[in-house]
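Asks: Protein chains in written order, with the numbering used here: chain A, -7 to 360; chain B, -7 to 360.
There may be inaccurate statements among the hints.
Identical copies go unnamed one by one, so any copy, or any two together, can satisfy a pair.
Claimed, not checked - With a straight-line cut-off of 25 Å between C-alpha atoms, the simulated BS3-like cross-links for lysine-lysine are: (1) Lys160 with Lys205; (2) Lys206 with Lys3; (3) Lys352 with Lys232; (4) Lys329 with Lys53.
FYI, nobody ran anything at the bench for these hints, they're computed from the structure.
Protein chains: 2
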Amino acid sequence: MKNEKSAEVIKKLEDLGRKMISEINAQSTPTFTTTLRSKGNILYDESVGYLRLGDKKEERKFINVGQARKFMQTVAIAAKCKKFLTENAHTSIRGLYYQLKFSLGEDLDEELFSEQSESNPLVEDLEVALNVKREDLNLNTDRKGVVAGPLVIKDKFGGEEDIIDCTKQGRSGWMIPSDVDNGMEFLEIDADYVLVVEKDAMWQRLNEDKFWKKENCILITPKGQASRGCRRLIRKLANKRLPIYCFTDCDAWGWYIYWAIKTGSMNLAYLGSDIATPEAKFVGVTMKDIEDYDFLEQLTIKAKEVDLKRAEEMLSYEWIKNYKDWVDELKTVLKTKKKLEQDALQGPRLSFVGEYLREKISKKKFLA
Amino acid sequence: MKNEKSAEVIKKLEDLGRKMISEINAQSTPTFTTTLRSKGNILYDESVGYLRLGDKKEERKFINVGQARKFMQTVAIAAKCKKFLTENAHTSIRGLYYQLKFSLGEDLDEELFSEQSESNPLVEDLEVALNVKREDLNLNTDRKGVVAGPLVIKDKFGGEEDIIDCTKQGRSGWMIPSDVDNGMEFLEIDADYVLVVEKDAMWQRLNEDKFWKKENCILITPKGQASRGCRRLIRKLANKRLPIYCFTDCDAWGWYIYWAIKTGSMNLAYLGSDIATPEAKFVGVTMKDIEDYDFLEQLTIKAKEVDLKRAEEMLSYEWIKNYKDWVDELKTVLKTKKKLEQDALQGPRLSFVGEYLREKISKKKFLA
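Only chain A is shown next, with the shape it has when bound in the complex (with noise of 0.2 Å):
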């Protein structure tokens, strides 16, 4: 049972394959052609929103020695995603490179892939050579979040077809999967806006509370920094023209999760509008929030170097320093040296958490 999306991925794979023989044909040699992901072209496209690649190109040659080995090695990766393409199954990066290393340690010399370091880069040539995702070539990636409300979602999958229904998954939600396109839509979305919350525990919190059935929203926690496929999902409810409200930690690290969900972050530039979500806005904590609630004040933390450190560091970032809002909560915690957890909302009151969010988001107070 593969879907559209398999056949035109095995389609891409299978041309690069062609090109190659057809050059060699030609009596010239196989290239492969990527576009380089490194720091320098990286840029932050002030016009979408987001950070992407820039134009630089990088070509490999079959025949150069300093890159006939990287130059084989992409051809394997991509004659295996080929191969569980077709026989539809995934596996993870590390099963992929045991699979490279059986099936290549055997009749070379020298082993073709001696750590996993090695495939890994590989593959991500491979995802922007192509234009495709490596959720599309079958190979899973570490999958972390979990998703409540009144979202339900059709999950085509290992031959057999489930129907998920985020409001009936009691105390747990459901976990985002690594891959949330290929075999898998929104059957019915009835939700007014999307709430990510940074920290397990407090989406435990406002889930109990059902707050997701009390304020009609999607309740998401990408658990830390987001995941690729838990970006990916907030981005596609994006599609969805639902508004996206992100409720972190009140310190460098907190926010920088946010920017990562809104902007893209530069390890995953080259997926670029995959993921970004240039729409999301910031509910809070803010440093502007201690002086509305008083009570706050006694319920901060002393910043330790390395949040002063990073915060400083996030002043530098092109796509935050025009935000004046951004510049000032920065400079705050600079001048102040203190630092706000979203878990001190429940200082005065367990339910307090929803008090808040409920007050900032229907009086609209949102940071860019």
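Got chain A; can you put chain B on it based on the hints?
Replies: Okay, now just chain B, sitting in the frame of chain A:
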């Protein structure tokens, strides 16, 4: 909607308070008695097959300069937990910390709690003194791990009731919650055994192949070391007379995941029989497998110094050194300086993992 257990725990907390009041009324100092959790009071009980606490007690008196602070803190925590139980609301130990910081911080000259590290061990004191788990005190713990297979759960939580059918959770499975006791019951279990798979990537592979359907088993991944909730779930499934088989990497770290499920671990020895599953058996991967399956040799990895050190440590554990097979396995690691990941079983073909497990389980090739 409080359950019976909540009422019982509230009574235990009230009894603790009443005891102290009667001590005050009798003009003696209020005391709090708990069982010592330090290393000297942790023993491996061969007759039951798990780690548990011994009989050494610790008594804390209010009228003792060195103990007054801790005493007050313990009482404050007990009072908060009673409040959470009465309100039928859960929070994390971080949420508890902020509640304490908020309500006690104002009127005292001194902060009652300055760091969360002060409140954590006191929660454990209370668990042991009252013979309850922190989950019974409405304190959530980190949740981790996923389950799929022929298991139907009734989940009463947050004022609602959901039926979770673990055969219908698609590519994701059901996330194992922090508390698998209160408000949660098994409606149906129609499985022949439980398979616990160390890594999530491997769990996804087996889930895609519908291993749990073909083999009629419950498929669990703890995602590395098992959380409290995951260990407790495994214990509860073993109570239903289901055999428990564990499948981990072939190295000291993987094997210790198995041993922690089987005999418990030092830091959770105070939970003893609640989370240990001495009936558990080990299906693989073993150093012996490398002899039995020729191709595995080429997929082994060099063990690092830390791997060997850990193997040596395990050889010294009294609950391991009586098992000849395990001593042989650990000695083989030290001799060959090799290890083998469970992912390596995907080398020849992605579906090989399932073939391997079927053969070993059907032939009952287990280690104790």
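Asks: Taking the earlier hints as the rules, which of them does this structure contradict?
Replies: Per hint list: 2 and 4 violated.
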